[in-house]
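Could you build all of it, start to finish, from the sequences and the hints given here?
Residue numbers (the numbering used here), protein chains in the order written: chain A, 1 to 146; chain B, 147 to 308.
The hints are simulated quantities; they were obtained by calculation from the structure and are not laboratory data.
Beta carbons are placed, not taken as given, at the ideal position from N, Cα and C, and that holds for glycine.
Some hints could be false.
To give an idea of the interface, some chain A residues facing chain B are shown, with a C-beta separation under 7 Å as derived from the structure [as the list claims (entries may be wrong)]:
1) 26
2) 50
3) 54
4) 113
5) 122
6) 142
7) 143
Taking lysine to aspartate or glutamate pairs in the EDC-like style, the calculated list, with each CA pair at most 16 Å apart, reads [said to hold, decoys possible]:
8) B:194 with B:260
9) B:159 with A:11
10) B:299 with A:135
11) A:71 with B:270
12) B:194 with A:135
13) B:214 with B:262
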Amino acid sequence: MRYGRGRQIPDAEGDMTPMIDMTFQLIAFFMILINFSEGDQNQLIRLPASELAKPPETAPAYPVTLQMTSKGTVFYGVEEYTLDGIIPILQVEKQLVERRGGDYRDTTIIIRADRYAKTGRVQELIRTCQSVGFEKFTLRAKQEST
Amino acid sequence: MKFRGSGTRSGDKIELMMTPMIDVVFQLLTFFIMTFKIVSPEGDFYIKMPLAAPSAGVPSDAQLPPIKVRLTAAAGGRLAGIYLSERRLGSFEDLRQQIRLLVGDQAGPSGAGDAEVEFDCDYDLNYENVMKAITAVSGYFAPDGRIVRLVEKIKFAPPRKE
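Put into structure tokens, the structure is as follows:
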């Protein structure tokens, strides 16, 4: 194509608006779906699956999440403990609930055990929690599509 | 108030600096993509583990004895056998059918009343087998997609030593 002499060539500018629109939509999508709850998730734990596992309708008043690995150790948050080593942590949790004016017996121990953990070991964890005074337990499973 | 030069430059186009904004937006997008992880939904099974053993004495008529389910382990923690009150069952589906016969499944979504299951498992049994058994006694999906609850009271027998 040939331009006439003295005629100015227009700047070739791409329209940025659709790209920016799309980018903001992507950011909004990821912001909504981002999950910062690292304390309740652990890459070492492969939960057993259950088709009947449904998220609870109401959150427990005082939840304490304990995660048991296939080796039989227990994660509380990001720290790994033995079964005996978790007792002081549970006692602190008990005191914290009482200081907040609650009843420690309302504490729900959420057990996220690895699918290859030994059942006896999971039961020992429950017994350890019972020895501190906790009575409510829930076993967590991954939701399996039917 | 009169702006200087307003009469001469009224037709100039004001251009915003888009480059820094696009830079930041792409950095944000990269951050969210890198930290994104797909978390599958999780659910809970409530288990009843009272602190002390129930007081000895004559149980009331309304208090039914728990249905005892025994799970044995083979080498490596694999499931060796499922027993319902000493009777061997072939699969977890058989266990579900037997539980349906025992407690009835007319209770609907609210569960089967006072029925209680006690699991007695070998120490080395892989935990996923217990979860399968809990699923089998807890309920099933009806053809219309709703969940029919069977037993909601679950407890464990004392752990068997290695």
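**Request:** Could you tell me which of the hints above the structure violates, numbers in ascending order?
**Result:** Going through the list in order, the structure violates no hint and respects every one.
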